[in-house]
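Make the complex out of the two chains shown on their own, each in a separate frame, by following the hints.
Chain by chain, the residues run as shown.
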Amino acid sequence: MSESKKDLEEFQREISHWLKANKPADPEFLLPETFMEVGTDRQFDFLRNWQQKVYEAGYLGMAWPEEYGGRGRHQEYQNIVNREMAEQRVPFVPNTIGLNWAGPLILQRGTEADKQKYIKGILNAEDIWCQGFSEPDHGSDLGNVQCKALKDGDSYIVTGSKIWTSLATYAKYMILLARTSNTDSNKYAGLSFFLSPMKVAGIDVQPIKKLTGEYGFCQTFFNEAKIPADCIMGNEGEGWSVAMATLTFERGAAGGQAGGLSMMDLNVNDIVELAKHSRRNGQPVLDDPLIRDELVQLIMDDRSNRLMSSRSRIPALRGERPAAVAMSGKLRGSELKRRMTKFAISLQGANGSRYVGSSAIDGGRWQRSYFNSFSATIGGGTSQVQKNILGERVLGLPKS
Amino acid sequence: MSNQINFTEEQSMLLDTAMSFCQSHSPIETVRHQIENHKFDAEQWQAMVELGWLGISIPEKYAGLGLGLGEVVPIVESMGRNLMVSPFLASTLATQVLVHGDNENLKNKYLPNIVNGSIATLAIQELEGAWDINLNEALGKREGELITLSGTKFQVLDLDVAEIVIISILLDKQVVLICIDQKEIPPENIKREIVIDETRNSFSLDLNGLKIQSSALVKLKDLKVIEQSALLLLSAEMCGGLASTLNTIIDYLNTRKQFDRLIGSYQALKHPTVDILLALEALRSHLYYTAGQFGDGDSSDGDLEVALHMCKALASESFAYAGDRCIQFHGGFGFTYECDAQLFLRRAIWSQYQFGDEKYHRQLLAKLLLDECA
Ligand SMILES: Cc1cc2nc3c(=O)[nH]c(=O)nc-3n(C[C@H](O)[C@H](O)[C@H](O)COP(=O)(O)OP(=O)(O)OC[C@H]3O[C@@H](n4cnc5c(N)ncnc54)[C@H](O)[C@@H]3O)c2cc1C
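Note that the protein sequences, when read in sequence, are chains L and P.
Residue 16 in my numbering sits at position 16 of the first sequence; the count goes up by one each step and never skips.
Count along the second sequence from 1, add 1000, and you get the number used in my numbering.
Extracted from the complex, chain P is given alone in its bound form (with noise of 0.2 Å):
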């Protein structure tokens, strides 16, 4: 494996834009806001249009700029880093099915609307929690060109918002994607959810008696390409919101005052925070050095899966960590809902748990790095 990180002007320019976009429309009262009000900031997702965002990982001849999805790490990191509410995380993943997938059709006829501002959700989970989507149990039943659901999704993102939605089921034995519209589904099938990330939009999905074309089935060459985009992208987000939190814990460390002495002077304290630099450090060399192969999205790669895996375990791990201390160095205060580090806890833990915690991947890695030649 390559120690080279390729890292390119395009992914250098989003940086800079992102860095700045998400730090005017995020500031920490507005992620505040958003959390009591769960209302769709639809000028900041124009905003985002406009400068290209939604279109960056779809081909040109959908109307998209044609880059890898290493491009949209930039603008990631930099949404996690001021705990943005949106749904470019949710509509980016979903997009990769389309773009990956052999459905034709379908792509003519959503992803220019993607690129123009159409929201797309993927609905994977179920109620079991399992990671692997390959463990999928929500049912298809062919009846002639249509096909019958049965089952629940749950933790779907955005869905209220969404117009297009990507839901995996079990049909003749095999998990398949397949792609609707938002409006097909009854809206008292959807219900919002509670989950421990606050800035998340989350709703459980009710697929019983739902009808659907066969012409909606999308074939993707491998379904390793769900998983790989969504690792790159949470790490992504984490890598962001580790950030934050470091910077968050190192203001209170300069300012908070005890038996006359800043708190940052302790070293138990001092210490932690600086594992939590150096664990900073290494998850966003991992993360751009994995962006950097991200190009083509070639999920038989063996280097890559190894790159991502180690990503997620990274960045599950450092950003949870992160989280705890942040809390408990804030002493009383952290306990509150009034301090942010809560706002940081919940989403590490939100974000450690979505496509396996660092138990699950380092697990995986034994298998890739021990096994192969033994």
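This is chain L alone, in the form it adopts within the complex (with noise of 0.2 Å):
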């Protein structure tokens, strides 16, 4: 299927119009910056009612199959639309674990069961999703986790717990990876996959505080939880194959997502518009040849990321290692975050230590930014562990 350059366009007038008219008015309330840092319900229920909206107008799942809640378009009509929503600075949907990772990994790898049962909530927001990988004694070594699912007739009883839940105070489901056998010589052939209900006996979840001091992710402990045995992905000691599918959707390293914007875009041309504004000792702070510097670099290090995408389009030139760019998509995005955001905060002489709530630079927006930027370096596998498996996997070399 191939869609006319004619009908794009018109697409592109359209979604720019809508969400032009649509666009939620500021609340009153900080939102957070990214799903990870969804903290309180008002905050929670303003991003589902926006989800629900962007569903309902037809912006969402606009590639996934109709017969499951999607739209059954093209996939260019929904990256046009991801593309709008970053640049008209909307804010995101919030229900990015299931839109962009269980969701697809469903699609990919579910029963036509599970396909009825997940797809809409998960596109409507009706049923938010969190994921259980991360353990407390183990995040980066992520085969090792310990959590115990143990068959019982047709139930599972799940006993352990995981970590840095994000959005676990609000899901009804989890992606849980657990641990179904601990006989195996080897630590991943015995872990199992579910699509776990999180509303059951024995489930808590505890919200945890995060650096900025507001909430985000949690605790969730299992205690003999009974959940269905038909919820497992798959068969029992294939959850690790499962859980590095999952991560390739959640690394944005495969299509299949169904879209939206999961965390507000930063722009280093907001970085650039502070920087003339703002002024350090007295002084423009575009007198300073360091920061001109400084600030240049960031302005071509976001541009190599545009480039990137364009040229990875091109076949000719994705050269001798194709995955290079998608596979560090995830290392380089986040990683400029974190530098820009840091950089702002160095643009305000003595009130880069102040902080949201006194009397701020941008009622404190970048000091925040800061701290929240580094949701991104660290979930999802840390940039370092990013770097092994560039190096591994797309340089070829030996494991560390």
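Hints were generated in silico from the structure; no laboratory data involved.
C-beta: ideal position from N, C-alpha, C; glycine also.
Some hints could be false.
[Claimed, not checked] Which residues of chain L face chain P? A few of them, derived with a C-beta cut under 10 Å, are:
(1) Ser262
(2) Met263
(3) Pro289
(4) Ile314
(5) Leu395
[What the hints assert, rightly or not] Anything over 10 Å on all C-beta distances counts as not near chain P; from chain L, calculated:
(6) Asp7
(7) Pro27
(8) Asp154
(9) Leu397
Structure below.
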């Protein structure tokens, strides 16, 4: 199915117009910057309403099959929506784990019944999803998770705990990686993957205060929680391969996501604008050659990321390592955002020490953003782990 | 500024041809052999002439192919990958002065010859080592129809084999270009120079006492054409060099063992190597974006200027970094002349300081990007 340029251009105008007309007004409270930081009910309600509105208008899951609640259109339409949402700075849609990793996973590997049961609720934000991978003692070393799920008739009994679970307070379902067997010599072989319900006896969610002082992620405790046996995805012992497939979606290295925006976009132009109006020690910051040089480097790196996407769409220019661009997207994007927000604070002179709640510059947005930027350099596999992956899978270097 | 790379059918074909041509004509043993012998490889040059490469950026009415300098990028990139020793870079750059200049007689006289293999070169640099051509001090003094030259040029590439020499001089307080036959220069005025990159054939040129006809003057609408062409082609060559440096590092990390492990398993080596990969991916993206913008080489285009400064800034920094790490990651062997790492580091440094290093270009970028509406 190929789409005519004219249709796409027309659609671009349509969505641009719709977003302008329907973009919600800024609430009187601070919104979270990513789905990993939804900490209060009013933040959550605001964002869930927004997702519902976008879905009902037909702009989410556009390339997902119609029979499950998608719109059955060409991926290019969704791409246009995603870009336009970022451009127009609309709020993000909060059900990211459902939309962008559990959802595509279910469409790729789930049973017909799974698709009927889950997809629509993911899209319309009725059913929020969370991810139970990390544990207190095993984060980067995900293959070592110890949370147990033992088969008991037509149930599994789950015992253990998951941590850093974003959205857990609001979630109806969790993608859960747990150990169904301890006897295997290979740590990966005992793992299984579940589409687990959250609202069952024995599952308790405890919010955790983040470095910003707000709430965002949680610890999830399983105390002999009974979940239905048929919520396992694949067979017992196949959990690692399903988890890896999930991470490919999560890190954006595979297509198939429902789309939408999963975090507030920070553009380097925002930083340039800030710099143009900032003063440091009585001087415009743009008079300082060191500041200028650092800013130019940020502008170049931002542009590099954009041009890389463009080049990766040209087959003849993909070069000898075609996976490099897609597989490094999360690393490049998250590290750049961290550097940009950190730089923004440096433009404020002594006001760099202020924070949200006092008379900080821009309400303390930059200080908070810098703290929050670590969500993406740590969550979803730390930057260091991303470099291991790139070194091993893209460059073919031996395992560390 | 757009984020879309325009990549043409011609570029794609040239990339394929050039990759295999350079690989087969310039294996590393050949490069080393040429470093030792300084012998011009006439056969290889003739092969390039036959492929039409010397005429790519020359208009059809002077027997060229009438494409842009953007189409030359895949060739120079491939040469860079193989550290190829060739007057191609110097000659293509010098050609741009004639192509964009106003002197119809000289175009008719030289351009068709260049297409057929006459080598041209540029003599711009002076002792001071300034990058801005407007800071040139070599003088031309008018005496009727003759212009008498004084001063010395340095780092003139391939002057021994060039037939056509384009020289920048200060005439009537303005920097202008003159184009002469190399034969007009007494051999004793040409001296071989030692430069850090031994694959370069570099010379000084003593201008004192040379007298030339004022018909040899070439006026450019904008002197920037020279810098812009150089930035594009140097970045292309550096991008190729960076790719090979990365491959050289990876090869060693995958063969050398210490403490019973391949050294590539150590993150202190693995992570910087990934940084180099990402720098390469970035540079190559900037490079082909810029190549796609080069089209008619309109030097007044602000976007093109930004794109070129970004290319050279990124190329200078990342190639020098990769060359530096390439030495370190080879251990004691990296300290030897025999190890190829030095070839890449030498190439990287030579290129870094031609036509501006990363700090210089970032400074110019700051002006273009941050001051426009301040
Ligand atoms: C905001 C946020 C939201 C999150 N949301 C979720 C969620 O919804 N669900 C979920 O399951 N998890 C979630 N996580 C958890 C996240 O995936 C883990 O924190 C991450 O994988 C790192 O694991 P860890 O915290 O145990 O750190 P560790 O693995 O203990 O890492 C500590 C340090 O050691 C480094 N390190 C570890 N191993 C290596 C190695 N092999 N090589 C080099 N360096 C190494 C790390 O880079 C890091 O700097 C979230 C995290 C954050 C910050």
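Does Pro27/L clear chain P by more than 10 Å, comparing its Cβ with all Cβ atoms of that chain? Non-interface label stands for Pro27/L: nearest chain P Cβ at 32 Å, farther than 10 Å.
Can the hint on Ile314/L be confirmed by a CB-to-CB distance to chain P that is less than 10 Å? Because about 5 Å separates Ile314/L from the closest Cβ in chain P, which is inside the 10 Å limit, the hint holds.
Take the shortest C-beta to C-beta distance between Ser262/L and chain P; is it under 10 Å? Status violated, d = 21 Å.
Over 10 Å from every CB of chain P: does Asp154/L meet that, or does the non-interface label fail? 45 Å, holds
Holds or violated: is the Cβ of Asp7/L farther than 10 Å from all Cβ atoms of chain P? The claim holds: Asp7/L sits with its nearest Cβ about 19 Å from chain P, beyond 10 Å.
Taking 10 Å as the cut and beta carbons as the points, is Leu397/L off the interface with chain P? 4 Å, violated
Quick check on Pro289/L please, does its C-beta sit within 10 Å of some C-beta on chain P? 8 Å, holds
Measuring from the C-beta of Met263/L to each C-beta in chain P, is the shortest one below 10 Å? Violated, because the Cβ-Cβ distance from Met263/L to chain P comes to roughly 20 Å (cut-off 10 Å).
Closest C-beta approach of Leu395/L to chain P relative to 10 Å, hint status: Holds, about 6 Å.
The structure shown violates the earlier hints numbered 1, 2, 9.
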